[in-house]
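Participant: Those protein sequence lines, which keep their order, are chains V and Z. Take any residue in the first sequence, count from 1 to its spot, add 23: that is its number in our numbering. Take any residue in the second sequence, count from 1 to its spot, add 2: that is its number in our numbering.
It should be emphasised that the hints constitute simulated quantities derived from the structure, not laboratory data. Don't take every hint at face value.
[Unchecked claim] Here are a few chain Z residues that sit away from chain V, every Cβ distance over 12 angstroms (derived from the structure):
1. D4
2. L58
3. E62
4. K77
5. E95
6. D108
7. T114
[As the list claims (entries may be wrong)] Coverage of chain Z stretches by chain V, computed from C-beta distances (three or more under 8 angstroms per stretch; other residues unrestricted):
8. 5 to 15
9. 28 to 42
10. 64 to 74
Backbone N, C-alpha and C fix where the C-beta goes; we use that ideal spot for every residue, glycine too.
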Amino acid sequence: MTTALSKGAIAGIGELKPVRRTEGVTTLELIAEVSRRAVADAGMEPAQIDGLLVGPQVGETPQHVPATVAEYLGLKPTMANVVDLGGASGAGMVWRAAAAIEAGMCDTVLCVLANTRDDIPPRSPNRNPIREFDVPFGASGANISYALLMQAHMAAHGTTARDFAAIAAWARANAQANPDAIFYGKPATIDEVLASPIVASPLHLYEIVMPVAGGEAVIVTSARRTRGSKHPPVHLLGAGEKVTHRAVSQAPSLTSGPLRDAMARAMRQSSTEASQMNLLSFYDCYTIMVAATIEDAGLCGPGDFGRWIRDHDLGPGGDFPLNTHGGQLGFGQPDLAGGMTHVVEAVRQLRGEAGARQISDARLALVTGNGATMSEATALVLGAD
Amino acid sequence: MDLDLLKTPGPTITALTAPFWEAAAEGRLVVQQCQACDRAVFYPRPICPHCWSDRLVWKEASGRGRLKSFSIVHKPGHPGWLPVTPYCVGLVELEEGVTMLSFILDGATGETVVGDTVQLTPTRIGERILPAFRIAKP
Numbered sequence: 024m025t026t027a028l029s030k031g032a033i034a035g036i037g038e039l040k041p042v043r044r045t046e047g048v049t050t051l052e053l054i055a056e057v058s059r060r061a062v063a064d065a066g067m068e069p070a071q072i073d074g075l076l077v078g079p080q081v082g083e084t085p086q087h088v089p090a091t092v093a094e095y096l097g098l099k100p101t102m103a104n105v106v107d108l109g110g111a112s113g114a115g116m117v118w119r120a121a122a123a124i125e126a127g128m129c130d131t132v133l134c135v136l137a138n139t140r141d142d143i144p145p146r147s148p149n150r151n152p153i154r155e156f157d158v159p160f161g162a163s164g165a166n167i168s169y170a171l172l173m174q175a176h177m178a179a180h181g182t183t184a185r186d187f188a189a190i191a192a193w194a195r196a197n198a199q200a201n202p203d204a205i206f207y208g209k210p211a212t213i214d215e216v217l218a219s220p221i222v223a224s225p226l227h228l229y230e231i232v233m234p235v236a237g238g239e240a241v242i243v244t245s246a247r248r249t250r251g252s253k254h255p256p257v258h259l260l261g262a263g264e265k266v267t268h269r270a271v272s273q274a275p276s277l278t279s280g281p282l283r284d285a286m287a288r289a290m291r292q293s294s295t296e297a298s299q300m301n302l303l304s305f306y307d308c309y310t311i312m313v314a315a316t317i318e319d320a321g322l323c324g325p326g327d328f329g330r331w332i333r334d335h336d337l338g339p340g341g342d343f344p345l346n347t348h349g350g351q352l353g354f355g356q357p358d359l360a361g362g363m364t365h366v367v368e369a370v371r372q373l374r375g376e377a378g379a380r381q382i383s384d385a386r387l388a389l390v391t392g393n394g395a396t397m398s399e400a401t402a403l404v405l406g407a408d
Numbered sequence: 003m004d005l006d007l008l009k010t011p012g013p014t015i016t017a018l019t020a021p022f023w024e025a026a027a028e029g030r031l032v033v034q035q036c037q038a039c040d041r042a043v044f045y046p047r048p049i050c051p052h053c054w055s056d057r058l059v060w061k062e063a064s065g066r067g068r069l070k071s072f073s074i075v076h077k078p079g080h081p082g083w084l085p086v087t088p089y090c091v092g093l094v095e096l097e098e099g100v101t102m103l104s105f106i107l108d109g110a111t112g113e114t115v116v117g118d119t120v121q122l123t124p125t126r127i128g129e130r131i132l133p134a135f136r137i138a139k140p
């Protein structure tokens, strides 16, 4: 990939091994640790960081998050912002960082997300339409919203529970090649997924991510600045984004989401097609999200994801490797940082540094982020150097 | 447990949305109607999300709708609902063209299917009468 096509380069990555619980640590401490790892991985000095993108921090720092993080890390960025797109925040940071560099606002951006997980998770009192018009009727939380999407897909296309369960089984299978994954050593067959309890019909427990604490960070800079760096840079070749709604009742469609347009834009910008991708790094909070993304990417027709998965091998040695780190269904979901795991894994694969799960000759990856109920969508096409 | 004994969170009512909840308390369902583009609006807003006109008036809804999707909840997101699990919530597309999430009174029977016709059935849930729905089988 020539740097002429590069809209920006990912020069460093950092990741914390997910854990089920934390005690007595703060989000800022985890941000510091994972940022240090990313800067070290990039072979840079902290003083080179002049851009900062962070996420919201419910229960800890409700406002002034960039200034709080900058001060904590001793940074004085010339571009700083919060990216608040739920699970799309990680991917959303990457193109914003590149755009800020292109606009001349800064040269090197730290994009960082981390979360603690105490016994009592922080809750913020909401006053918004979803709180007023969904919660009083018995629909709190994402499980029910995604169950509604699954049921609609089944009704529209005759999708079976087995079709969805296959996605969870693949995630668990791929996690067996990632010792850091929360489900490492714990594969699950399709039958085991189907035997797990129904949380909200038709959604089974094993089709839902395990909440964990963790952190992810990437360093974005211009391709020019990565010359001579110790790892090969990974280039941003295209990006797309779309936000359509918040509450599931307001979704324009229950079976197709804004990732359809976001991925189309990212692939148009990079002159690529989904079938060319060496890695599909698809946001997977629930099995239905992967199903809808496979269809929205154009890999198969609407309603056909079940057959598509049966026809393909989604492992690192297969014809369509999908979420080789195990996805969040296998790795665990460190809150907002969960979306960034899909970026970090794509960087590892495109560098050729994914170890036992390395895809041979990985050149192109399609990365997606998804927030709320198939509402907030960001897609990236990343390419090897 | 009966629904009226539940300790579930009620709505966070504002001056703008009060007419919706006042009607609900009387067992009626009202939605906004835009006088500029003639489309129904749900949930209540100060301007129409379709044309941004502020000429919105309250209109009595027919109370009939179609189930776009549903879920039978075994593990609720709020502990106040635990005494009535499993229960059914659904996305109801009203005849007026807007979709609202609601409680489906007899939806957890195992016979519910997407596309079922539903009928407004005001029901006391916790401390309030809410615009719940019932499956209207032919």
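Participant: With reference to the structure, classify each hint as holding or not holding.
Facilitator: Hints, one by one, checked against the model:
Against the 12 angstroms criterion, D4 (chain Z) stays outside the reach of chain V, whose nearest CB is about 15 angstroms from its own CB. Every C-beta of chain V lies more than 12 angstroms from that of L58 (chain Z), the closest at about 15 angstroms, which supports listing it as non-interface. Distance check on E62 (chain Z): its Cβ is at least 18 angstroms (rounded) from any Cβ of chain V, clearing the 12 angstroms threshold; non-interface status holds. Interface exclusion of K77 (chain Z) from chain V breaks down, the closest Cβ pair being 5 angstroms apart, not more than 12 angstroms.
For E95 (chain Z), the requirement that its beta carbon stay farther than 12 angstroms from each beta carbon of chain V is not met, with the minimum near 9 angstroms. Every Cβ of chain V is farther than 12 angstroms from the Cβ of D108 (chain Z); the closest lies at roughly 14 angstroms, confirming the non-interface assignment. Non-interface call for T114 (chain Z) relative to chain V: violated, since the shortest CB-CB distance, roughly 10 angstroms, does not exceed 12 angstroms. Check result for the region 5 to 15 of chain Z against chain V: holds, 6 residues qualifying (beta carbon to beta carbon below 8 angstroms, three or more required).
Using a Cβ-Cβ cut-off of 8 angstroms, 0 residues of the region 28 to 42 of chain Z lie near chain V, which falls short of the minimum of three, so the contact claim is violated. Check on the region 64 to 74 of chain Z: 5 of its residues sit with their Cβ under 8 angstroms from a Cβ of chain V, so the three-residue criterion for coverage holds.
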